[in-house]
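Once you've looked at the hints, dock chains H and A with the ligands against the given chain P.
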Amino acid sequence: MAVPEGLKDGWTISTAIICALAVTPVAAVVYLALTPEPGDDIWSHLVSTVLPDYIITTVGLMIGVGIGTVLIGVSAAWLVTMCRFPGRRIFEWAMLLPMAMPAYVIAYVYTDILEYAGPVQGMLREMFGWQTGRDYWFPEIRSLGGAISMMTLVLYPYVYLLSRAAFLEQSIGVLEASRVLGRGPWHGFFTVALPLARPGIVIGLSLVLMETLNDFGTVDFFAVNTFSLGIFDVWMNMSNVSGAAQLATVLLLFVALLVLSERYARRKQRFHNTSSKYQALPGLRLRGKLGLLAMTICALPVLLGFVLPTWILIEYAVQYFDPLLASEIAGYAWNSIKLSLLAGGLAVVVAIVIAYSVRIRGGQVLTSLSRLASLGYAVPGAVLAVGVMNVLGPLDNSIDAYSRETFGISTGLIFSGTIAAVTFGYLVRFLALSLGTVEAGLGKITPNMDGAARSLGHGALSTMRRVHMPLMRTSVLTAVMLVFVDCMKELPMTTILRPFNFQTLATFVHQYASDEQLGEAALAALSIVGVGILPVILLSYAIARSRPGHGQVMARPRQKNKMSKGSR
Amino acid sequence: MVEISSTFELKYAPIDDDHKHLADIVTEIVDALDAEKLSDSADLVRKFVETTRTHFQDEEALLASHNYPHLDKHKAHHATLVQKLETLQDMGDKVVDHPQAADSLRKELIYFLMDDIINEDLNFKNFITEAAAKD
Amino acid sequence: MDGLHIHGVHHAYGDTKVLQGISLTVPAGELVCLLGPSGCGKTTLLRLAAGLERLQAGSIAIDEKVVAGDGVKVLPEHRRVGYMFQDYALFPHLDVTDNIMFGLFRWSGEEAKARTAEVLRQVGLEQHAHKFPHTLSGGQQQRVALARAIAPKPRLVLLDEPFSGLDTNMRVRIREQTLNVLKEAGVATLMVTHDPEEAMYMADRIKGMGEGGNVLQSGRPTEIYYQPVDEYVARLFGPVNEIVTEARGREVKTPFGVVPARDYADGDRVKVLIRPESFSLSNAANGSNSRRVEVSASHLLGDSSLVEFRLADQLDDSENQLFKVQIPGNFDPLDHTRVWIGLAPEDAFVFAGD
Ligand SMILES: [Fe+2]
Ligand SMILES: [Fe+2]
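Chains as they are written, first to last, in my numbering: chain P, 1 to 568; chain H, 1 to 135; chain A, 1 to 354.
What the hints contain is simulated information worked out from the structure, not anything from laboratory work.
Backbone N, C-alpha and C fix where the C-beta goes; we use that ideal spot for every residue, glycine too.
One or more of the hints may lead you astray.
Unchecked claim - Here are the computed lysine-lysine pairs in the BS3-like style, where the Cα-Cα straight-line distance is at most 25 Å:
hint, chain 1, residue 1, chain 2, residue 2
1, A, Lys-73, H, Lys-73
2, H, Lys-107, A, Lys-183
3, H, Lys-125, A, Lys-65
4, A, Lys-65, H, Lys-20
5, A, Lys-153, H, Lys-107
6, H, Lys-75, H, Lys-20
7, A, Lys-113, A, Lys-153
8, P, Lys-444, A, Lys-131
9, A, Lys-65, H, Lys-107
10, A, Lys-113, A, Lys-183
11, H, Lys-84, H, Lys-107
12, H, Lys-20, H, Lys-37
13, H, Lys-11, A, Lys-65
14, A, Lys-17, H, Lys-125
15, A, Lys-73, H, Lys-11
16, H, Lys-125, A, Lys-73
17, H, Lys-47, H, Lys-134
18, H, Lys-84, A, Lys-271
To be verified - For the chain H half of the interface with chain A, some residues (derived, Cβ under 7 Å), not all of them:
hint, residue
19, Leu-38
20, Met-114
21, Asp-115
Said to hold, decoys possible - Listed below are several chain A residues computed to face chain P (Cβ distance under 10 Å; list not exhaustive):
hint, residue
22, His-78
23, Arg-79
24, Phe-85
25, Asp-87
26, Gly-103
27, Ala-149
28, Leu-158
29, Arg-235
With the rest of the complex left out, here is chain P (with noise of 0.2 Å):
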């Protein structure tokens, strides 16, 4: 409405565009995998081989992990909303700060000091006069299992988050009822809370598991074999194009399956929250050893999960400082950040461009190609990886030959192995995160708010500028930051993306605790962390607005702006 109509048809085909783009890797990889180079074709080895173990493993890891962020998030969240322990109030925040750790520096923190020659093992054999590894038995965190605590300590928050919000937003009226209906506050969760909360938890639950997915730091440390592992196994190491393609697809439908249980929870969840006011939750008061617990249940979380691994590389980074790796570590840092500044930019502009459409010209379309163009959040980054490195070559290998037949010139790759073909991942993969937040910004200005610019004299070029870009703000930098911290943080598609011979942090971090250099690795690896703190942070200060009683609740008609930042 704030866009003259002549640069409608312009938003459209933009938006079409982006959607196309978007989709070409996962099409790519689809298409590599129905169509496989005769003398590649090695599905039928694969389905004999490998593959049963691939199946078997990924699933094993989700089960491990799913049942794991569930225990753990449901119960902490449960404990923070619907009761009073002592720091129950610094627990709501603090459940987050394992989301600021990646699963793979967790795994080569714990690795270095779980390994036989780590500190652990040192000391018990020191207590107990133990020999050699065959006096005692220790559990290998090198395993299925020690992937799946690895990846449960660090993402657990997902389900926390959701399933607290889902807490938050019930009723109280109805547990109060199954209360005055006699029943213990036990029995309210297991019958009335719970049930009402599983959209939320399932929401959360799928994010978890298509993070599992993703996963690939950690499982070729520990070398896990799932499909992620498989995938860069058959392409790199068998050189085998078609056999990975065919495996990502496999990965393909998993992702599918999690995605539409998403959608489907997310549904449910519109139909269940009927009430959106936050109500003071009367809050069951744990005393004694009954708080303790409480206690211990959300602090080992977070202990394990955060403190204490940060503590270790803190330790590390002292220890093993020496300014010529420093200065080193600075120039991956500065390559890192040009990176994730370069696709959190883009990532903005785009989600702008499609949100704006959306907004402008409306529409079932317009609507379905956004939600397509948003799918990459879901799709593991060793599958795009396949993706854009195969639209990517075949790309440069066409412009290359026009350009030697029309001008004899030739270009070499222009895309492939470079920065090109990372950011381009990272967008394709990030755009649902820019596109969430700049989407949720702009539904806080109602279309009415521009009819009132607009009939106060202002035009449209006025009304962007002055109700939109201020309003807009906080939502466009919060999805910089976003992008942002999520790339610093991405490792399989930069493993393979990247140019030749560019490092950066993730790339460095996993490259050296790879070869048990974890000290050397400690300051680039606590670099991530701390970038990872900032939508923690964001996060924890949404939580606080968000308490029940804290001016949340105020009489404002049909105008759920809840992150306004209109007050000073």
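Showing chains H and A with the ligands alone in chain P's frame:
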């Protein structure tokens, strides 16, 4: 002063003139009310009612002569307005003893003229100008 | 004539016609109200008048200048229209003063400040000049929206369900204040609402709209209330009692007396509609049309009571219909052993039956 501004004109002189004549009577009534000559105003309202009736008949005859396709609908509309004329006459008579009713009479006359009579007549603006152009 | 002049506006969204041949005139200083059910295209008409929607057919003129239609399209920012949206659409990033100043950007600084102070005083919000919208109550937000709309001295003010977001107590107060502010501004105002009480309180002229987006009747509030042209308009003002029967000798016999039915021939099915507030209740027979009734329930509504009754001495059970009467004050059935109902024949509306 009640005027027929250009957006209310049909651009067809015979009818526009009639409408202007009605507007002049309304202006006279408004002036009489403002000067608190209430019995004059009652007489003027009677004149307005009579002139309006005649106008309706003339207009219907004119439209019929051009075979206006929606004549029945417009006639029905005139019929409802004729009923309203009775109310207007009542109001005009009442004003003599109840000066406080002057304001609502003034308002009602203007709405009646502009909204009920002329705004509805604009429905055949295109028809009548085209028909006139053919003659 | 200064004011708003809309003629022959049609509008459709796809195949759905929301406005069909709307014509209306709002002289400067007057308030016209479109009364109709939700979703009958009322808001669309306001958006068309403001230029926020593209006019499909018809013409719109403000102060004798065509702003839409006949190949003309004046942009909303050049129409000088004050629009008060149903959700108020206050700018959340601006405080009350800046919201009001938003439309005064062409004014000199001094003038804008003086004007802002003036409208703030008119709506009684001087104390809240520097508060942000989300810290204000619904009634205060409504008044900020009104102040913002009238501050640039528009030629036309559009009000979309202006009081629907307010609770009942506040509504009455704000309604009165809003009317005063608008009359003081002397500006042409077009308001849409589905609330008949609001319409009758505010409007100089009411236009009753049907589901199809067409005007069914225009007139003064008393006229449209007491002389509805059809059943639909009669029902716009609330629930009515209904008696289905036949016309006989240009009349209709009802339990409450004979009602004239000039337009109906013998044997025509007719519907007699009677508003609950049209009945009168008394403790003694009062004239020949008075009927003794048995009260079956009474509900106190605050300043009035809604009493449900059936006819006494009714032999035929099937015709023993339940009627509702609304009377001022409290009515306790225990205080009244014998009750009679009366009805003035002109308060019963006769329309064609199904
Ligand atoms: Fe006429
Ligand atoms: Fe006429």
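Verification of the supplied hints:
1. A/Lys-73 to H/Lys-73: 31 Å, violated
2. H/Lys-107 to A/Lys-183: Satisfied, since the Cα-Cα distance of roughly 14 Å is no more than 25 Å.
3. H/Lys-125 to A/Lys-65: Given that 25 Å is the threshold and the Cα spacing comes to 18 Å, the pair holds.
4. A/Lys-65 to H/Lys-20: 19 Å, holds
5. A/Lys-153 to H/Lys-107: 23 Å, holds
6. H/Lys-75 to H/Lys-20: Judged against 25 Å, a Cα distance of about 21 Å means the pair holds.
7. A/Lys-113 to A/Lys-153: Roughly 14 Å separates the two Cα atoms, so the pair holds.
8. P/Lys-444 to A/Lys-131: 19 Å, holds
9. A/Lys-65 to H/Lys-107: 22 Å, holds
10. A/Lys-113 to A/Lys-183: 22 Å, holds
11. H/Lys-84 to H/Lys-107: 14 Å, holds
12. H/Lys-20 to H/Lys-37: 23 Å, holds
13. H/Lys-11 to A/Lys-65: 16 Å, holds
14. A/Lys-17 to H/Lys-125: 24 Å, holds
15. A/Lys-73 to H/Lys-11: Answer holds: A/Lys-73 to H/Lys-11 is near 22 Å, not above 25 Å.
16. H/Lys-125 to A/Lys-73: Within the cut-off at roughly 21 Å; holds.
17. H/Lys-47 to H/Lys-134: 35 Å, violated
18. H/Lys-84 to A/Lys-271: 23 Å, holds
19. Leu-38: Since chain A brings no Cβ nearer than about 20 Å to H/Leu-38, farther than 7 Å, the hint is violated.
20. Met-114: 5 Å, holds
21. Asp-115: H/Asp-115 check passes; min Cβ-Cβ to chain A is 4 Å, inside 7 Å.
22. His-78: A/His-78 check passes; min Cβ-Cβ to chain P is 8 Å, inside 10 Å.
23. Arg-79: Holds, about 7 Å.
24. Phe-85: 4 Å, holds
25. Asp-87: 4 Å, holds
26. Gly-103: 3 Å, holds
27. Ala-149: It holds, given that the least Cβ distance between A/Ala-149 and chain P is near 8 Å, below 10 Å.
28. Leu-158: 8 Å, holds
29. Arg-235: Where the cut-off is 10 Å and the nearest Cβ of chain P is about 27 Å from A/Arg-235, the hint is violated.
Going down the numbered hints, you'll see the structure goes against 1, 17, 19, 29, while the others check out.
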